[in-house]
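**Q** In case you want the letters, here they are:
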Amino acid sequence: MIEKEVDVLVIGSGAGGGTVASELSSLCREGLTIAVLEQGPRLSREQFTGRELEMARTLYADSGGYLTKDMSMALAFARTYGGSTVVYTGTSLKIPEAVVKRWSVPDLNYQDLMDRSDKHMAANGVHPLEPDKLNDNNRLFRQGCDKLGYRVQQFPINVRGCRGAGVCNFGCPNGAKQGTDRVQLPAAEAEGVQVVTGCRAIRVGPGWCEACVSRPATGLDPIWEPGDYRIRARAIVISGGAVHSPALLAHSGMSDSLPVLGRYFTAHPALILVAQHDREITNYHGHPKSYYCDQFVESRKFLLETCMYFPFTTAKYLVGYGPDHSRMMSRMDRLQMILALAIDPPRWENRVTADGNGKPMVDYRLGPEVLDALHQSMRTAARIFFASGARRVHAPGGRKFFIEREEQDQIDSLIPRSGIRTGKVGVASAHLMGGCRMGRDSTDSVTDSHGRIHGVPGLYVADASLFPSCSEINPYVTIMALADRVADSVRHDLPELRHS
Amino acid sequence: MTTVLSESQVRFLLFLAEAIVPEVGDLDDTGRRSCVAIIDQALQDRPPPLRRKFIFFLSALRWTPVFRHGVPLDSLRGEALNAALDWFQDCPLPLVRKGFWGLKTLIFMGYYGRPEVGEAIHYTPSFSGNDFLEGNCRD
Ligand SMILES: Cc1cc2nc3c(=O)[nH]c(=O)nc-3n(C[C@H](O)[C@H](O)[C@H](O)COP(=O)(O)OP(=O)(O)OC[C@H]3O[C@@H](n4cnc5c(N)ncnc54)[C@H](O)[C@@H]3O)c2cc1C
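Chains as they are written, first to last, in our numbering: chain R, 1 to 500; chain P, 501 to 639.
For the record, the hints were derived by calculation from the structure and aren't laboratory data.
Just so you know, these numbers come straight off a predicted model, no measurement behind them.
Errors might be hidden in some of the hints.
Stated by the list, open to error - Here are the simulated lysine-lysine pairs, DSBU-like style, with alpha carbons at most 30 Å apart: (1) Lys553(P) / Lys359(R); (2) Lys4(R) / Lys359(R); (3) Lys301(R) / Lys101(R); (4) Lys553(P) / Lys69(R); (5) Lys147(R) / Lys400(R).
As the list claims (entries may be wrong) - Quick list of simulated restraints, FRET-style, between CB atoms: (6) Glu225(R) / Arg551(P): 51 to 59 Å; (7) Glu407(R) / Gly525(P): 43 to 51 Å; (8) Ser626(P) / Asp355(R): 36 to 44 Å; (9) Gly570(P) / Gly149(R): 37 to 45 Å; (10) Glu210(R) / Leu593(P): 40 to 48 Å; (11) Val571(P) / Ser44(R): 53 to 61 Å; (12) Lys119(R) / Gly525(P): 55 to 63 Å; (13) Ser257(R) / Ala583(P): 49 to 57 Å; (14) Ile555(P) / Trp348(R): 30 to 38 Å; (15) Asp586(P) / Ser413(R): 17 to 25 Å; (16) Asp409(R) / Val566(P): 40 to 48 Å; (17) Pro615(P) / Ser299(R): 50 to 58 Å; (18) Asp70(R) / Asp586(P): 21 to 29 Å.
What the hints assert, rightly or not - Listed below are several chain P residues computed to face chain R (Cβ distance under 8 Å; list not exhaustive): (19) Thr605; (20) Gly613; (21) His622; (22) Asn630.
Backbone N, C-alpha and C define an ideal beta-carbon position, used for all residues, glycine too.
For reference, chain R alone in the conformation it holds in the complex (with noise of 0.2 Å):
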């Protein structure tokens, strides 16, 4: 076991982590020590290639298709330096002020809240993209919206120098994407801040972390010689994501004194809906992710994005198979798509757990009124691609693969809620949230609002399990503010922490 000391470590390098080491970094001017342990790899920029298969492989858990323990929903998380940020589309949006109301978490300001986002979201250079630079996929969706009168909303995004490569998901090959892999970890690293690459954290406690660092299979050696650590550090903060995070508290024996640790997990359910064009639209080109509609948000518990994914995403989620399949495959350049986002509520029975080697599982049901909003969603989203001149649509829950353009009067009885069945359904999820939620105590909670994890001295949580409930909009701006305050609370509380 080789020995390690330093100030501060943070495991985990997304949205929460890098914000953490970043708003710390300054630290090191005053000698402190500061260390990022991320289990993913470090790429080189020729290693975004934008191809499916390999960065899925490459960056994601489980290529992408981590399954929840009833295997009825796949989670999408990255593993990598600059974690999910390092995929995600870019959207930033600030959270509603009613869904912080609604989490009720003592000492936690909206307004602060807000200052702390709108920091970080100029930091990353977010603004909408300019009107020459949306292709048709999401043109056509605010026509759509239009025509039907429902609230529509251009999304700021986080680009520099976008070239619209529109792979986004596979990490940026041009580099515009502003994550963490391109702001907050190379600033904080400039500052003096090691970021660990290749470095799982195994377990956990006060003042102590068992880590293994491994040469990746891709990308960059790890700084640190691969073997095992023991590191000694006066502050941890704990940023590996919703599912992690609770799954690595759990396998260090924390599940006892934290009865709500890995409860109350939340995802954002969603359905990736596609339809055909009778002609060409401009859609894999440009920046995939410029509209949303939060119309339905409130009444129906269903948020509408646009999106356009890539030929395997696409085709595995489509329900059915044969000749029909084969026949919308076949025209990757007419599809338009739309991404339904169920807002689903926090359950004591989701859960992340671990099991004995510390591999996080959860236990996610999609309940009745998930189902509910989804299939609502599909009826509205076909009503979007129709009255956006779509010549047909793929509704999964639908009793034919395709519903034509003369068949849009039938959409209620062509889409049954009786068609949404677990299984056949395919059901994706990549806003993960909640399993450390925030709150008052232990009997409610496993953190206070600032992250500090209660009972445990100079344990945090800085990333997107401390949620209560899901924040119904794309959440990481929201990550990142949350993760700012508890840098904050760190600074304030280390003159008092000591190593063990």
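Given chain R's structure and the hints, the job is docking chain P with the ligand onto it.
**A** Relative to chain R, chain P with the ligand alone:
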């Protein structure tokens, strides 16, 4: 050469692949081999219990039709084959539906995961995709 599937399992998988993606039937030997190699790699990457479940599901898929049709799935053709596959896709048992979804996923991965498929499905992305937007013609 596969590491997870036996030769007869590969033959059965290719039979299924053709029913699920008819274009698999048009692939030459190299295309089929690369399809199978992708599936094999995906299975290798999965934990052994999941791999075992998949192989068990493959056998169940092959032999269950004997009860209804008197022959294994790979002896069925046309409507009968589709009816059998539809039954798995819509099966009242969620586990069977999920197994079928997993199988389809692997087959789609094998076929649509090959970079060579792009031209055939009109998918030719570019790192400078903005050049192909309004006002710029694609050539
Ligand atoms: C395809 C996709 C598209 C998305 N698009 C958007 C979008 O447009 N807008 C938006 O707001 N959100 C988007 N998201 C969601 C967003 O990326 C995540 O919510 C956010 O990155 C989560 O931040 P995090 O810090 O919680 O975890 P992550 O960013 O996932 O980072 C966690 C990191 O910790 C590492 N780690 C975990 N455990 C350990 C361990 N034991 N030891 C060492 N390292 C460990 C992981 O390898 C990972 O790199 C998207 C997500 C995906 C997958």
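**Q** Identify whether the interface hint at Thr605(P) stands, where standing means a beta carbon of chain R within less than 8 Å of its own.
**A** Holds: closest Cβ of chain R sits about 5 Å from Thr605(P), inside 8 Å.
**Q** Does Lys359(R) sit within 30 Å of Lys553(P), going by the straight-line distance between their CA atoms?
**A** Answer holds: Lys553(P) to Lys359(R) is near 19 Å, not above 30 Å.
**Q** Is the distance from the Cβ of Ser626(P) to the Cβ of Asp355(R) consistent with 36 to 44 Å?
**A** holds, 43 Å
**Q** For Val571(P) and Ser44(R), compare the CB-CB distance with the range 53 to 61 Å and indicate the outcome.
**A** Distance hint for Val571(P), Ser44(R) holds at roughly 54 Å.
**Q** Does the closest beta carbon of chain R sit nearer than 8 Å to the beta carbon of His622(P)?
**A** holds, 4 Å
**Q** Decide if the proposed pair is consistent with the structure: Lys553(P) and Lys69(R), CA atoms, cutoff 30 Å inclusive.
**A** holds, 14 Å
**Q** Is the straight-line distance between the alpha-carbon of Lys301(R) and that of Lys101(R) 30 Å or less?
**A** holds, 17 Å
**Q** Kindly confirm whether 43 to 51 Å is satisfied by the beta carbon distance between Glu407(R) and Gly525(P).
**A** The hint (43 to 51 Å, Cβ to Cβ) is violated, given that Glu407(R) and Gly525(P) are roughly 31 Å apart.
**Q** Does the Cβ distance between Pro615(P) and Ser299(R) fall inside 50 to 58 Å?
**A** violated, 43 Å
**Q** Between Asp586(P) and Ser413(R), does the beta-carbon spacing fit 17 to 25 Å?
**A** holds, 20 Å
**Q** Classify the hint on Gly613(P) as holds or violated, based on whether any CB of chain R lies nearer than 8 Å to its CB.
**A** holds, 4 Å
**Q** Using the beta carbons of Glu225(R) and Arg551(P), state whether their distance is inside 51 to 59 Å or not.
**A** Violated, at about 33 Å.
Checked against the numbered hints above, the structure violates hints 6, 7, 9, 17; every other hint is satisfied.
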